[in-house]
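With chain A held as given, fit chains B and C onto it using these hints.
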Amino acid sequence: MLKIEHLTKRFGGNAAVNNVSTTVEEGKINAIIGPNGAGKTTFFNLISGVHKPTSGTITYLGRDITTLRTDSVARLGVARTFQATTLFNQASVLDNLIVGHRLRTRANLWDVLVGSNRLREEERVCREKARAALEFVGLSHLEQRMAGDITQEERKRVAFALALSTEPKLVLLDEPAGGVNPEETVGLAELIRKMVKNGLTVCLIEHKMDMIMSLADKILVLSYGEKIAEGTPAEVKANPAVIDAYLGSDHADI
Amino acid sequence: MDIFLQQVLNGLTLGGIYSLVALGLTLVYGILHVPNFAHGAFYMVGAFASFLLMDKLGLNYWLAMLGSAVAVAALAAVAERLVFHPLRHASGLHPMIAAIGLLLFLEAGAQALWGADFQRMSTPYTGIIEMGGVTAPVQRLLIIGAAFTLMLMLHLFLTRTVMGSTIIAMAQNREGASLVGIDANRVAMLTFAVSGVLAAVAATLYAPINLVYPAMGHLVITKAFVIIILGGMGSVPGAIVGGLIIGFAESFGAFYISTDYKDIIAFMALVVILSFRPQGIFKQGAH
Amino acid sequence: MARLHGPLGWALLLAAGLLFPLLARNDYHLTVMSTAYIFALATLGLNLIVGYTGQFNLAHAGFMAIGAYTLGILTVDHQVPFWWAFLAAGAVTALVGWPLGWISLRLKGHYFSIFTMCVGYIIFLVIEKWESLTHGTVGVIGIPAPSGIAGVVSFDTPLSLYYLVFFFLVVGVWAMRRIANSLLGRTFVAIRNGDELAEALGINLMRNKLTAFLISVVYAGWAGALYAGFVRFLGPDLAAVHHTFDMTMYMLVGGLGTLIGPLLGAISVPWITQYLQFLQEYRFIIFGPLLILLVIYMPHGIVGSWLAWRARQASLAAPHNQEQPRA
Chain A
0 MLKIEHLTKR
10 FGGNAAVNNV
20 STTVEEGKIN
30 AIIGPNGAGK
40 TTFFNLISGV
50 HKPTSGTITY
60 LGRDITTLRT
70 DSVARLGVAR
80 TFQATTLFNQ
90 ASVLDNLIVG
100 HRLRTRANLW
110 DVLVGSNRLR
120 EEERVCREKA
130 RAALEFVGLS
140 HLEQRMAGDI
150 TQEERKRVAF
160 ALALSTEPKL
170 VLLDEPAGGV
180 NPEETVGLAE
190 LIRKMVKNGL
200 TVCLIEHKMD
210 MIMSLADKIL
220 VLSYGEKIAE
230 GTPAEVKANP
240 AVIDAYLGSD
250 HADI
Chain B
0 MDIFLQQVLN
10 GLTLGGIYSL
20 VALGLTLVYG
30 ILHVPNFAHG
40 AFYMVGAFAS
50 FLLMDKLGLN
60 YWLAMLGSAV
70 AVAALAAVAE
80 RLVFHPLRHA
90 SGLHPMIAAI
100 GLLLFLEAGA
110 QALWGADFQR
120 MSTPYTGIIE
130 MGGVTAPVQR
140 LLIIGAAFTL
150 MLMLHLFLTR
160 TVMGSTIIAM
170 AQNREGASLV
180 GIDANRVAML
190 TFAVSGVLAA
200 VAATLYAPIN
210 LVYPAMGHLV
220 ITKAFVIIIL
230 GGMGSVPGAI
240 VGGLIIGFAE
250 SFGAFYISTD
260 YKDIIAFMAL
270 VVILSFRPQG
280 IFKQGAH
Chain C
0 MARLHGPLGW
10 ALLLAAGLLF
20 PLLARNDYHL
30 TVMSTAYIFA
40 LATLGLNLIV
50 GYTGQFNLAH
60 AGFMAIGAYT
70 LGILTVDHQV
80 PFWWAFLAAG
90 AVTALVGWPL
100 GWISLRLKGH
110 YFSIFTMCVG
120 YIIFLVIEKW
130 ESLTHGTVGV
140 IGIPAPSGIA
150 GVVSFDTPLS
160 LYYLVFFFLV
170 VGVWAMRRIA
180 NSLLGRTFVA
190 IRNGDELAEA
200 LGINLMRNKL
210 TAFLISVVYA
220 GWAGALYAGF
230 VRFLGPDLAA
240 VHHTFDMTMY
250 MLVGGLGTLI
260 GPLLGAISVP
270 WITQYLQFLQ
280 EYRFIIFGPL
290 LILLVIYMPH
300 GIVGSWLAWR
310 ARQASLAAPH
320 NQEQPRA
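Residue numbers (numbering that gives the first Met the number 0), protein chains in the order written: chain A, 0 to 253; chain B, 0 to 286; chain C, 0 to 326.
Next up, chain A with everything else stripped away, as it sits in the complex (with noise of 0.2 angstroms):
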């Protein structure tokens, strides 16, 4: 689904990412570990049009966006989290929600200012798609609570909503379940799964190993922006140089 070639980013004199090539596999949960400063969240936002690559490409669906802008790549069908999810605090869940499908409608200025039947239609279906997203990540008892009073927990998950009412084909996630405790996580973590059972690709980034062990099909391991490691929990656990890269270090709570 998605193919990454010899993908390197450079920032002054120092590369973030250092020509990695990788498959995004369709229909799988495919992760992304290394230790802090390994160039994960950079290499999500060379794939998200975030940043444009030094050299490299990268291919979706047969496409190339190496070079596409953000919202150009979103509107592909590629969805994307952050490490920290910036709500409207003062308004409810729902309301944070409903412009997550805005990608997907032409309303515009004029429309707006003479109340055509498209703008009404059109925010009818925004409302609808919040709403069916907030109910698939267990959140519709939260529509009308106020954005800043819901947990960390909760708050990841109508970061999932915010992603999956994009229509996604692909979403990437950096560290869904940052700041949660182990009995939450596991509960995003079958939310994940229950993504992929619904069509979706997945490409997490994590450090929460247990978490990524039971719940991948396939892991990239980056380390200082190289490519040290590809494959299925169990390879890359026995991996040499995997286990060197996180000698030492604090490798993942719980």
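It is worth saying that the hints were derived from the structure and are not from the lab. Some hints here could point you the wrong way.
[Stated by the list, open to error] Under 8 angstroms between C-beta atoms, here's a sample of chain B residues computed to sit facing chain C:
| hint | residue |
| --- | --- |
| 1 | 34 |
| 2 | 92 |
| 3 | 101 |
| 4 | 103 |
| 5 | 260 |
| 6 | 262 |
| 7 | 263 |
| 8 | 274 |
[Claimed, not checked] Chain C residues, not near chain B, derived (Cβ > 10 angstroms throughout):
| hint | residue |
| --- | --- |
| 9 | 11 |
| 10 | 23 |
| 11 | 152 |
| 12 | 173 |
| 13 | 314 |
| 14 | 316 |
Ideal Cβ positions, reconstructed from N, Cα and C, are used throughout, including at glycine.
Same frame as chain A, but now just chains B and C:
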């Protein structure tokens, strides 16, 4: 040729003043990430303070400058404590608006106390020196001398003293600095105080050849912002070089192009440069 | 999205505005209120780019001046009929705003504000120095009053001017409300909250920011044109940055990013300064610290804080479904 040298002299004068003001601004921005719109008001208060000290207390020029520097340093430190410290975690808009509130307050205050009219500060150095065909008013030479001396002193302070190094440390890595025991709050107040001194001295140096009035900080501060964006937010050499460039551009522009539009030069430079390079000329690490 | 008063609240405000002249004791009061309405219109525009989209445009007063001067120059120097000049004012402001917006919106945060501050200065200086076009510091004098309609209604009395300006304010509020509550408005808010996330949601940042910017400056331009026809003379001072600061004050007092907030702020603050007559010149001795205190302790303004409180009450009272089993 003489005319050319004359403009060079003017350029150095203006450049020196702009650099001093920009230095104060860049120190505060580089460390605290606050674009202090009130810096122009500090400048203005500095001029008024010197004016008062000379006029009412009869102090001599240099003592008045010293007194004014102390006064504005104190004002700046208090401003940091009361206005910017509570907002240190706030998002982009709010510190800017608070700075604007401070600016408006200080200007209105000055206007209430002294009226909106222009005051003339007498210069103690009315002499003129003829050097190879160039007429150099002593005051201007003084400005150049004093400005660059102060910049040198600032450089020594930042690199050779303990207090100065704490400012640099915080500019480079705020968290790391506090981990080694540097008190961020004290450094913030110190930085503001230093910026106040720079503004007060610049204002006092420039006032005798300009006028003193409540809105005098407006133009200078806007140009100072241009300078630090071009020179790099938080960069000391950038502020100095940028100040000189703008000073020269204005002198030469005023003479060879038009005096009317000379003020636009700095702004047009900013508009043009930012249009092509949104991150400024020198990209600074601390931004 | 901040919930509004609801139709009842707006109807009340409308009625209050219509009936105000009955309460006003003299023409001077009508003039004060009319001027407040004009700046309220401009403030509504500023609120869209600042409060809703999160970009602090310090050149806003400059655009108001562009609209005002367009109308002034066209009517006085070229005898263009008032309402054609009025339309032109909006068009010219948009035309100037487009490239300026396009350049400046590539900058973020502080850089954008500083840049627009410089743009505002440039506009002020150009108006002041380009004497052949703008009459420089002398200004434009003798601007005609808004032309009447078909000889039936004329706008040469304070009362008729009041209703004219009120009419425009009502239309402006109606349009802004439409925009703010629509998908477009939500897009702006998403950009303000986090433009990275907004872009990841497929929102074209530049196009939407430019739309917000253009709408905001057209509001300013038309407010400026109304100002020109109301006050009948213009000086470069209209472009001075302190007008933008005034409008920032209104927004903050009322509540940044709400609809009623800037409106109420723009109407009440001038009245407060009126009553504190002696303060007129030095109003910022009070307003300066007030601005600081508001930003520290009440960043959502009076209306904003109240709306947030109300929203919280509503959310706590909302019926909770049984929590669904996870995943």
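**OP:** Please write out, lowest number first, the hints stated earlier that are contradicted by the structure.
**Re:** Structure breaks no hint.
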